[in-house]
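Colleague: The primary structure of each chain is shown beneath.
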Amino acid sequence: MTVLSCEVQLEDNTRILVEGTIKDQDNMPISEAKISVLTKRGNFTGGENQYILGEGYSNADGHFSVISLYDRDEDFAIEIDGGDAYSTYVYKTNTLEYTPLDLTFNLETVSLKKLAAFNYNMVRTSGESYTLRYSFKYIEGFCLEYYEGITLNEFQSSCYEERVVSRFLNDSNPDFEWLLYVPLGEIVEFTYSINDEPEITEFITINEDNYDFTFTY
Amino acid sequence: MTLRSLIKTLWLTCVCLFCSVSFAQENVSENESETTSKSSFFNSEGRQRFFAITVGGHKPFTSGDNFMGEGLEGKSGIDFKMQVYIYKHFFIGLATGASYFDVKNQELIGSYRKSRIAENYIYLGYEFLPTEKLRLGLNISIDSDLDYKNTGFNTSDIAEQHDSAKLNRYGVYLHYELAKHFMIYLDYSYNVSRTDIEVPSNLESFFRKGTYSTVGLGIVFTIGSRDLVSRFIN
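Going down the list, the protein sequences come from chains A and B.
Everything in the first sequence is counted per my numbering, starting at 1 for the first residue and increasing by one.
Everything in the second sequence is counted per my numbering, starting at 1 for the first residue and increasing by one.
Chain B with its partners taken away, still in its complex shape:
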């Protein structure tokens, strides 16, 4: 099973779990609201969440002296993420999304006009609470799967060509709480794509990794008010 199919399966599982926990939450919300609130930058029992789902879009920006920085120009992207708070504000998440690029220099990468990266990755992170309404999250990918679908050839007889890669992603986000379980987010990530592309030895450094950043915006739904470990311990 590839990481992509694993993430899709986990996504479906998480959506089902999200729905069931949401339903169950109605029964426990009264008790949880009575929890004593001890708030700090690192922790707040009152603002603890169990699950978060984010949906949004982003703009990718390529950079560096590599095939992405020199050959591609970012256009847009979409993000779907689901994260579970394991212990307090430490979380693990699944993400699936896509980034879209135009080819700006075909001489450097091949005669196609567009590239779409399907991004699937698992990430770990921690959420800080700098103010009453803000959540500051830091995260890093731990396993990933990228699929570059290259299209826009001079003939429709060539539909697409694919390249694959692994992703090292370093992200930071801000969630602004509009309601207890509804937020908007702004995020930034720095992405290093480590490709499997076979190239002549003198092009190794140019193709072995591609770098791009993303700036994203979207909405967040959360459920639950206890982390995963607390649900078993308490």
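Isolated chain A (complex conformation):
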């Protein structure tokens, strides 16, 4: 009887080098950012059933050089995570079709955006039966670039895209509080309607590391 237990078969007798430099939008180096070499990561902000092949951190100059195992897979990724303070960058490619020259993935300079914590709080003060329908349109602090060989495929990439979160508050859920991480300096578009009246839009410039926003209705 054959037991098929191993889903991922790594390349024997192979190591790759992943290198580059991480800077913020002011061209300052970012140290202690975590670099992960992954397979089967998926395309979303958080990885799913990802497998770690190699890990390392950027140094004080923002430079990183990580030696990793290798997997030939259609979902091969290098993730750069600057923690809560910075956006996340993901390089993706299909290593079934592409292995770089000299087994080196040189990402050159990767720019991460500084993130601010946008903490919004919806509070009902006008009594029962009042409703609020609202949405926040914001730029997500996440950039995934998909490469076919050395060519960027913009169609399969998803870099600092607009996201919308919306909610309807009523007697069942009159209040709501949530936290979003938004690139510092970006504008959040807040649209709301009280008791299904015409929508009103406000623009909020995120100019603090911790931005608290409270809306009462």
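Warning: the hint list may mix true and false statements.
Derived BS3-like pairs (lysine-lysine); straight-line CA-CA distance at most 27 Å [as the list claims (entries may be wrong)]: (1) B:K104 to A:K34; (2) B:K114 to A:K34; (3) B:K75 to A:K40; (4) B:K104 to A:K40; (5) B:K75 to B:K59; (6) B:K133 to B:K180; (7) B:K149 to B:K209; (8) A:K40 to B:K149; (9) B:K75 to B:K180.
Listing some non-contacts, in silico: residues in chain A with all C-beta distances to chain B over 12 Å [claimed, not checked]: (10) D24; (11) Y70; (12) G127; (13) N153; (14) L180; (15) E186; (16) F213.
Because the hints were derived from the structure by calculation, they are not lab data.
All C-beta atoms in this analysis are idealised placements derived from N, C-alpha and C, irrespective of residue type, glycine included.
Given chain A, work out where chain B should sit, using these hints.
Modeller: Here is chain B on its own, set in the frame of chain A:
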């Protein structure tokens, strides 16, 4: 046939031979004990042996500016060796064993926590006789096969990854005779592992060879009192 399977086959053959010679030895031991004893540092007819089997353990120590010295830390190991004295105290041997390591720096070698090297090699050597109870052996590997099995990933979906290498091994041992055919041993070896790992060109020197030493302890059984050539000539 790989060196590994060849060594396993030879091992089985040698074990069978060991058993048959052991049995035969009972019949000739009386005659052999009457052999005139001429002892020196290089040779002693009275202390000549035909076969030796050693079983023991060792502690590996990684060293050097290479993937083993910087990335691995030795934990333990096991050794099985069988050597035949071809002519006087010149011998050829087969060895199979394993060395176990923990990964101390994943950033330098990859995200796994443990590495086991399966070691199979053929060696040549010579045994000196410095005192009545001691045997001092020097040996060097002549052909080898190393298999690194790397395990301990963040998920059980990756069971293992393998690297392969050839071994240059330089060894020295001391056997202390507790009885005519039973000894304990202490050995040291310096090992250079020449890997087949494909890496970027600027990592070639780091991965092309790994160095580690071993210090081992174990027991030795011997049989026979004549070397292989003497058995045919005399």
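Colleague: Look at each hint and say if it fits the structure.
Modeller: To see whether the hints hold, each was checked on the structure:
Restraint check: the Cα-Cα separation between K104 (chain B) and K34 (chain A) comes to about 18 Å, which is no more than 27 Å; the hinted pair holds. With a C-alpha separation of about 22 Å, the suggested pairing of K114 (chain B) with K34 (chain A) holds against the 27 Å cut-off. For the given pair, K75 (chain B) sits about 33 Å from K40 (chain A) by alpha-carbon distance, which is inconsistent with the 27 Å threshold. This hinted pair checks out: K104 (chain B) and K40 (chain A) have alpha carbons roughly 26 Å apart, not beyond 27 Å.
Pair hint K75 (chain B) plus K59 (chain B) holds up; C-alpha atoms about 6 Å apart against a cutoff of 27 Å. For the hint linking K133 (chain B) to K180 (chain B), the alpha-carbon distance of about 9 Å falls within 27 Å, and the restraint holds. The suggested pairing of K149 (chain B) with K209 (chain B) holds, with an alpha-carbon distance near 16 Å, which does not exceed 27 Å. Distance hint between K40 (chain A) and K149 (chain B) is fulfilled; the C-alpha atoms sit about 23 Å from each other, no more than 27 Å.
Of the pairs offered as hints, the one joining K75 (chain B) and K180 (chain B) is violated, with about 33 Å between alpha carbons and a cut-off of 27 Å exceeded. Every CB of chain B is more than 12 Å from the CB of D24 (chain A) (nearest about 23 Å), matching its label as outside the interface. The beta carbon of Y70 (chain A) sits about 9 Å from the closest Cβ of chain B, which is not more than 12 Å, so the claim that it is off the interface is violated. Consistency note on G127 (chain A): stated as away from chain B, and its beta-carbon is indeed over 12 Å from all of that chain's, at 53 Å minimum.
No Cβ of chain B approaches the Cβ of N153 (chain A) within 12 Å, the least distance being about 25 Å, so the stated non-interface status holds. With a minimum CB-CB distance of about 29 Å to chain B, L180 (chain A) clears the 12 Å threshold, and the non-interface call stands. Listed as outside the interface, E186 (chain A) is consistent with that label: its C-beta sits roughly 34 Å from the nearest C-beta of chain B, beyond the 12 Å cut-off. Residue-level check passed: F213 (chain A) sits 38 Å from the nearest beta carbon of chain B, beyond 12 Å.
Violated hints, listed in ascending order, are 3, 9 and 11; each of the other numbered hints is respected by the structure.
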